[in-house]
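There are 2 protein chains.
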Amino acid sequence: MLFIFALCFCNHIPAQNHPRLILTVEGVKKIRAGLGKTPLYDEALEKAKAEVDAEIKTGIQVPVPKDLAGGYTHERHKRNFLILPKAGVLYQVLQDEQYAVYIRDVLMAYARMYPTLGLHPTQRSYATGKVFWQCLNDANWLVYVSQAYDCIYEWLKPEEREILEKQLFRPFADFISVENPRFFNRIHNQSTWGNAAVGMIGLVMEDKELVHRAFYGLEHDNIGADEKDNDGGLIKLPGQDRAGFLAQLDHSFAPDGYYTEGPYYQRYAMYPFILFAKAISHNLPELEIFEYRGQLLKKAVYALLQQTNEQGEFFPFNDAQKGMSYHSRELVAAVDIAYDLCGNDPALLSIARKQGRVLIDGSGFAVASALQAGKAIPFRKKSIELKDGADGSKGGIGILRAATDAGSLCLVMKYADQGMSHGYFDRLSFSLYDERDEVAQDYGAARWVNIDQKDGGGYLPENKTFAKQSIAHNTVVVDEKSQFNGHFEAANAHHSEPYFFLGGRGDVQAASAKEFNAYPGAELHRTMIVLKVEAFELPVVVVVFRVSSEEPHQYDLPYYFQGHLLTAGFEYETELEKLQPLGTGYGYQHLWKEATGKASGPGFSLQWFGRSRFYTLACRAGEADELIFARTGANDPDFNLRRDPAVIIRKKNSTDALFFS
Amino acid sequence: MLFIFALCFCNHIPAQNHPRLILTVEGVKKIRAGLGKTPLYDEALEKAKAEVDAEIKTGIQVPVPKDLAGGYTHERHKRNFLILPKAGVLYQVLQDEQYAVYIRDVLMAYARMYPTLGLHPTQRSYATGKVFWQCLNDANWLVYVSQAYDCIYEWLKPEEREILEKQLFRPFADFISVENPRFFNRIHNQSTWGNAAVGMIGLVMEDKELVHRAFYGLEHDNIGADEKDNDGGLIKLPGQDRAGFLAQLDHSFAPDGYYTEGPYYQRYAMYPFILFAKAISHNLPELEIFEYRGQLLKKAVYALLQQTNEQGEFFPFNDAQKGMSYHSRELVAAVDIAYDLCGNDPALLSIARKQGRVLIDGSGFAVASALQAGKAIPFRKKSIELKDGADGSKGGIGILRAATDAGSLCLVMKYADQGMSHGYFDRLSFSLYDERDEVAQDYGAARWVNIDQKDGGGYLPENKTFAKQSIAHNTVVVDEKSQFNGHFEAANAHHSEPYFFLGGRGDVQAASAKEFNAYPGAELHRTMIVLKVEAFELPVVVVVFRVSSEEPHQYDLPYYFQGHLLTAGFEYETELEKLQPLGTGYGYQHLWKEATGKASGPGFSLQWFGRSRFYTLACRAGEADELIFARTGANDPDFNLRRDPAVIIRKKNSTDALFFS
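Those protein sequence lines, which keep their order, are chains V and U.
Quick note: the first sequence uses this note's numbering, first residue 1, plus one each step.
Quick note: the second sequence uses this note's numbering, first residue 1, plus one each step.
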C-alpha cells in the first residue's frame with residue numbers, strides 16, 4: 001500500500017508562488033470575484049474580521065508558557081494560533097496590509113521568545129512541549145500558524161523570513177519531530193498533528209527534508225516495544241515498521257474509513273489529515289493524495305458523518321466526550337474540503353447547511369457558492385457496517401437505522417478492535433437513539449473537557465475505574481469482572497468477530513457478532529434486530545445475547561435506560577434508608593444499588609419516560625433471574641460522575657445463558 | 001364589589017338567535033368572509049377538520065363510565081367533549097351538515113345513557129361525578145359540550161332539543177350544582193368550572209334559573225366550616241358568604257390579577273373564566289363583565305403571562321407540574337379572547353405568534369387577521385410585584401428581571417398567602433432562571449400528569465411528604481421542621497409580609513419580605529437583590545436572609561442548584577460506601593446525604609455547570625457553619641422522585657443568623 005514518489009515540487013514553482021498551502025493564488029482571485037454575492041461565505045468572513053479586529057485592538061500577547069490547559073498562557077497561545085490564519089486569509093482576500101503587519105509582529109514575538117524556551121515547566125506529559133504542556137498542542141500551533149505564514153510569505157522581506165525560519169519554524173518543527181520521536185513516530189491521532197505540522201511548514205518553506213519527514217516519519221527512533229503514553233497506550237504498534245503521515249493513513253483507518261480510536265478522536269485527527277492533504281494536493285498534485293487507498297480520506301469523512309445521531313452528535317465510543325458533533329470546526333473543515341476536492345457531492349451541502357458556517361478558504365467559498373446556487377440534496381444516513389482494522393479484518397461496528405411516520409430509531413453495536421489506548425472494555429455493547437435523544441445510553445468518558453475545575457478537562461480517575469470498565473456499558477459482564485480482566489495488552493491482541501450484518505431499507509435489519517476472548521472459556525454472541533411491525537408506531541428492537549461456557553458463572557447485563565422509571569413488571573424492594581455500592585471493583589464500586597427484585601414469570605417488562613415519549617423494555621427471564629436497579633455515583637469523592645440509572649439483569653451460577661429482550 | 005343586575009337577555013333576542021355562546025351570528029359571517037386569507041386561522045380550522053373527520057370515521061363511542069383518568073372510558077369521554085365544539089364550529093363556518101348530524105347523534109347517545117347512570121363506580125373523590133370520576137371532569141364536559149349544542153341549536157328540531165335538555169343538559173347541570181353543593185359552592189378552580197358549565201348551558205337554553213345559579217351559587221348548601229376536600233383543603237373559605245362565578249372573581253383573584261392558588265391552577269381555571277365571560281359579553285353585554293373589578297380578567301391574563309420564564313413556562317408554585325406553559329390550550333384561549341375583547345393590545349399578538357395557533361372562534365380569527373396584517377409588537381416581561389389576596393393585602397410574589405448582552409436572568413420570590421389546599425410550606429423561597437433554563441429550581445409537584453403508570457397522574461404520596469415540605473424549597477428551615485409544622489390550618493391563617501419591592505429597569509432591583517408566623521418565636525426576613533455590575537457579563541444576585549429568635553435553633557438554607565457540581569470552595573467528605581437519609585421527617589427523609597463539610601474561612605463558593613454555562617454561589621459563612629450536599633430520592637419505594645442535587649447551609653444552635661450570598 002506504500003507508494004513512493006519524488007518530492008519534486010521545487011521544479012515547477014510559478015512566478016508568484018504563495019499562498020500555496022491552503023489558499024492558492026487562483027483561489028484568492030475566485031473568492032475576491034465572488035465577494036458580496038455568497039451570503040454564507042460573506043458572513044463567515046465578516047465574523048472572522050470582527051474576531052481578528054478585536055484581537056488587534058487587544059494587542060499582541062505572547063506570554064512565557066506556564067499553565068496547563070484552561071490556564072491563561074495555554075488559552076492565550078491557543079487563541080493566537082486560531083486567530084493568525086484568519087488574519088492571513090483577511091490579508092489575502094481583503095488585501096488590507098494591517099493584517100499582514102499583525103501576523104508579522106506576532107510571529108516576531110514568538111521568534112524572539114522561542115530560542116529562550118526550555119521544556120514547558122509542567123512536565124506532565126510523556127511528550128512535554130515548549131509553548132504548551134504537551135507536544136500535541138505545539139503541533140496544533142504549527143498546523144495553524146504555518147497557514148498564516150504562507151499568507152504573508154511574499155509580503156515579508158527576505159531577512160524577516162530568515163529570522164522566522166531560523167529562530168522559530170525550523171527549530172519548532174525539529175523539536176516536535178527529531179527531539180520527540182515518541183511523539184512523532186507514533187500511529188495515533190496526536191502524531192498525525194505532528195506529521196501535518198512538520199509537513200505544512202515544510203511546504204511553505206519549500207523544505208524538502210521536512211516534507212519527507214512528515215510523510216515517512218523519522219528513520220531512527222529507538223522506541224522500545226513496551227513504551228507507553230500517559231493513557232497507558234503503546235507508543236509503537238506491534239509490527240509497526242513505518243511512521244509518518246502515510247503510515248497514519250495506512251494503519252489508523254479501515255478501508256471504509258472507520259478510525260480505530262472511534263469517531264470522537266477521528267474528528268480530532270480529521271483536521272490535520274484533511275488540511276495537510278489539501279496542502280499536498282496544491283503542491284504535489286501528481287501524488288493524488290485524495291485518491292490514496294481508494295479515496296480513503298473521502299471515505300473517512302463519510303464514515304464520520306454516518307457515525308452520528310439525528311442531532312449530528314458522534315456515537316461516544318471509547319474515550320469520548322458526549323455532545324461533540326459534526327457542528328465542530330474540524331467537521332466544518334472536513335465537509336467543505338471533501339466537497340471541494342472529492343467530487344462535489346451535493347449531499348455534503350445539506351450537512352454544510354446544517355453546520356451553518358463555512359471555512360473562509362477556497363473550499364468554504366466553493367460550498368457557499370454551491371449552496372447559494374441551490375445545489376444541496378439531502379444527506380442520507382443509512383444502515384451500515386463499518387469494519388475496523390487496516391485491512392478491515394478486525395471486527396467493526398454495525399449501525400442500524402429505521403424510521404416510521406412517528407419517529408426514527410438508530411442503533412449502534414460495537415464489535416471492533418480495542419481502539420488503542422483510548423479503547424474501552426465494551427465489546428458487544430450498544431447504544432440506542434431515537435430522533436430526539438438517547439434511549440439506551442453509553443456513558444461516554446468521565447471527563448469534563450474545557451473545564452478547568454475538573455483537572456483542566458483531562459481524564460478523571462473515574463474514567464479508568466468506571467467509564468472504561470465493562471459494567472459501564474450495555475453488554476454482558478461475567479463474574480463482576482471486566483472483559484480481559486481490564487488489561488489493555490490482552491484486549492489489544494484480539495478483536496470481536498462479525499457474525500452477520502443485514503442492513504438495507506427492509507422491515508428487518510440486524511447486526512450479529514461474537515466475542516471469544518474477553519472471558520477465557522466463555523463465548524459471547526449478541527444479535528440485535530430492528531423490526532418495523534405494523535402493530536407498533538415506532539420500530540422495535542429485539543436483542544438476543546447468548547453466553548456459553550463450560551464452567552458456571554454469574555452474568556450481568558445492564559441497560560442504561562435514559563429517563564425516569566415508571567413501572568417495572570416485577571416485584572422489587574427499594575433501598576429506603578441506606579444505599580450501598582453494588583460491588584467492590586471493575587466499576588461496580590461506582591454503582592449504588594437502589595433496588596433489587598426477582599423475575600416472577602417467564603418475563604418482565606420495564607417502562608420509562610424520557611423526552612415526552614414512553615419506552616418499554618420487555619425481557620424473557622428465568623425464574624432465578626435477579627433484577628437490580630442501580631445508579632452511578634458511589635465512591636465518587638469529587639462528584640465527577642453523573643447520576644444515571646440502569647437496570648441490570650443478573651443470572652447466577654449459569655453455564656449457558658440467553659438474554660432475550 | 002358585588003354588583004347586582006337583572007337577567008334580562010330574553011328581552012332582546014334577535015330573529016336568528018343562535019349561535020350566541022362563543023360564536024355569534026355576526027362573527028361567523030366575518031370568519032366566512034375571511035376564509036382562505038388568514039393563514040393562521042385557516043391552518044387551525046384545517047387541523048380541527050382533520051381531527052373531527054377522523055373521529056367521525058372512527059364512529060361514535062359513548063361507553064358506560066368505569067375508569068379513572070388515563071383509562072379508556074375517561075379518555076374516550078374527554079375526547080368526545082374536546083371534539084364536539086370543534087365539530088360545532090365546522091358546521092357553522094363550513095355550513096356542512098354532516099357535522100351537525102354527528103353532534104346530534106353523539107348528544108342523543110349521551111341523552112339515552114345519562115338517565116341510567118348512578119354515581120361513577122370509582123367513588124374516589126369528595127365530589128364523585130357521573131360520566132367521570134369527579135364532578136370537575138363532568139363540569140369540563142359541560143363547558144365544552146354546551147358550545148357544540150349552541151352551534152346546532154337552530155338546526156335541531158324542537159322535539160330533539162326537548163329530549164336533550166330534559167334528559168341530558170338540565171339534569172346534568174343540576175347534578176353538578178344542586179346535588180353537589182360542596183363542589184359547586186366552593187371558591188376553587190374546580191368550582192369555577194362548575195359555575196361556568198351551568199351558566200354556559202343556561203345561556204344556550206335561555207334558562208334564567210341556571211344562569212342565576214352560575215352567577216351567585218346555591219343559596220343553601222349546608223356545608224360545615226371544617227369540611228375538606230381530597231387534598232385537605234377547606235371547602236368553605238373562612239368568612240365566605242357567597243359563591244358562584246362572581247364570588248370566584250371576587251375571592252380568588254388579587255386586584256392585579258394574581259390567583260391565590262398560583263399560576264399552574266390559574267392557567268387551568270382561566271379557560272372557564274374567560275370562556276364564560278366571553279359568553280356573558282355576548283348575551284349580557286350591559287354587564288360589561290370584562291370591566292368587572294377594574295378589568296380583572298384582562299389583568300389575570302397579563303399576570304399569568306408575567307409569571308413565566310423565557311420559554312413561557314409558568315413558575316411552579318404550589319402544586320404545579322413543571323413544563324406547563326403559555327403554549328397550553330387554556331392560554332391560547334385566554335390570549336385570543338383577551339386580545340379580541342379587552343382592547344386589541346398588539347403585544348398579545350407576539351405571544352399568539354409564539355403559541356403558533358389560534359382558536360377557531362371569532363377571537364382566534366381576530367388574532368390571526370391582526371397577525372396577518374403585521375400588527376404584532378413585542379410583549380415586554382418586566383420586574384413586577386403581584387400582590388395576593390382579594391384586596392391585595394395578603395403578601396404576594398416579587399419577580400425581578402434583568403438582561404445584559406450576554407443573557408438574562410429572572411428571579412421570583414414567594415411571600416404570598418398559603419394558596420388554599422394546593423399551597424406549599426415554602427414562604428420566602430425563590431427560583432432563579434436564566435434565558436435558557438432553571439439555575440436554582442423549585443421542585444414543583446411530585447406528580448406525573450397524564451401518566452397512567454404513576455397513579456393516573458394524581459398526586460403521589462411524596463407530594464405530601466416531600467414537595468409540600470419546606471426543605472424541598474430554597475428557604476430557611478428551622479429545627480428540621482416545616483413551616484407551621486406542616487399544618488394547613490395554621491398556614492392558611494397567615495400570610496407573609498412584603499417589606500419593599502424595587503422593580504424598574506435600573507441596575508439595582510430588589511424584593512424583600514418578612515415572615516412572622518411560620519416558626520413561633522422566630523422572624524424570617526429575606527431580601528433578594530439583582531444587580532447589573534460592569535465586572536460581570538451577567539446580572540448578579542445578592543441574597544440576605546436574616547433569622548431572629550430569642551431561643552437557639554438550627555437553621556438550614558438549601559439551594560437546589562441545577563447542574564453538575566464542579567468545585568466547592570471548602571473541604572468536604574463524601575459518603576463513598578454508604579448513603580443515608582438526611583433526617584427522619586418533614587421531607588428530610590427523602591434527601592440522601594451525599595457529603596458534608598465545614599466552612600473554613602469567612603466564606604465559601606460553589607461552582608456548578610448547567611446548559612453550557614458556569615454558575616457560582618458565593619456565601620459568607622460562620623466558622624461553625626456546616627455544609628451538606630444532598631440529593632432527592634431516599635425513602636422513595638416507587639421511584640416517584642427525580643434525583644436532583646442541593647447544597648444546604650446549616651447553622652446550628654443559633655439565635656440570630658444571617659445568610660449572605
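Some hints here could point you the wrong way.
Said to hold, decoys possible - Residues of chain V placed beyond 12 Å of chain U at every Cβ, according to the derived structure:
no., residue
1, Glu46
2, Phe379
3, Ser421
4, Thr567
5, Pro581
6, Phe629
7, Arg631
8, Arg642
Claimed, not checked - Heads up, simulated DSSO-like pairs for lysine-lysine below, C-alpha to C-alpha not over 30 Å straight-line:
no., chain 1, residue 1, chain 2, residue 2
9, U, Lys532, V, Lys598
10, V, Lys464, U, Lys464
11, V, Lys322, V, Lys593
12, V, Lys47, V, Lys464
13, U, Lys532, V, Lys593
14, U, Lys532, V, Lys47
15, V, Lys157, V, Lys236
16, V, Lys593, U, Lys78
Claimed, not checked - Only some residues are given here: those of chain V computed to face chain U with a beta carbon under 7 Å:
no., residue
17, Gln16
18, Val449
19, Ser512
20, Lys514
21, Gln562
22, Leu566
23, Thr574
24, Leu576
25, Lys578
26, Leu579
27, Pro637
28, Phe639
These are computed hints drawn from the structure, not numbers from a lab.
Backbone N, C-alpha and C fix where the C-beta goes; we use that ideal spot for every residue, glycine too.
Tested hints:
no. : hint                : verdict
1   : Glu46               : holds, 18 Å
2   : Phe379              : holds, 26 Å
3   : Ser421              : holds, 26 Å
4   : Thr567              : violated, 4 Å
5   : Pro581              : violated, 6 Å
6   : Phe629              : violated, 8 Å
7   : Arg631              : violated, 7 Å
8   : Arg642              : violated, 7 Å
9   : U:Lys532 x V:Lys598 : violated, 57 Å
10  : V:Lys464 x U:Lys464 : violated, 42 Å
11  : V:Lys322 x V:Lys593 : holds, 25 Å
12  : V:Lys47 x V:Lys464  : violated, 40 Å
13  : U:Lys532 x V:Lys593 : violated, 46 Å
14  : U:Lys532 x V:Lys47  : holds, 28 Å
15  : V:Lys157 x V:Lys236 : violated, 43 Å
16  : V:Lys593 x U:Lys78  : violated, 41 Å
17  : Gln16               : violated, 44 Å
18  : Val449              : violated, 11 Å
19  : Ser512              : violated, 33 Å
20  : Lys514              : violated, 36 Å
21  : Gln562              : violated, 13 Å
22  : Leu566              : holds, 4 Å
23  : Thr574              : holds, 4 Å
24  : Leu576              : holds, 5 Å
25  : Lys578              : holds, 6 Å
26  : Leu579              : holds, 4 Å
27  : Pro637              : holds, 4 Å
28  : Phe639              : holds, 4 Å
Taken one by one, the earlier hints fail for this structure at numbers 4, 5, 6, 7, 8, 9, 10, 12, 13, 15, 16, 17, 18, 19, 20, 21, listed in ascending order.
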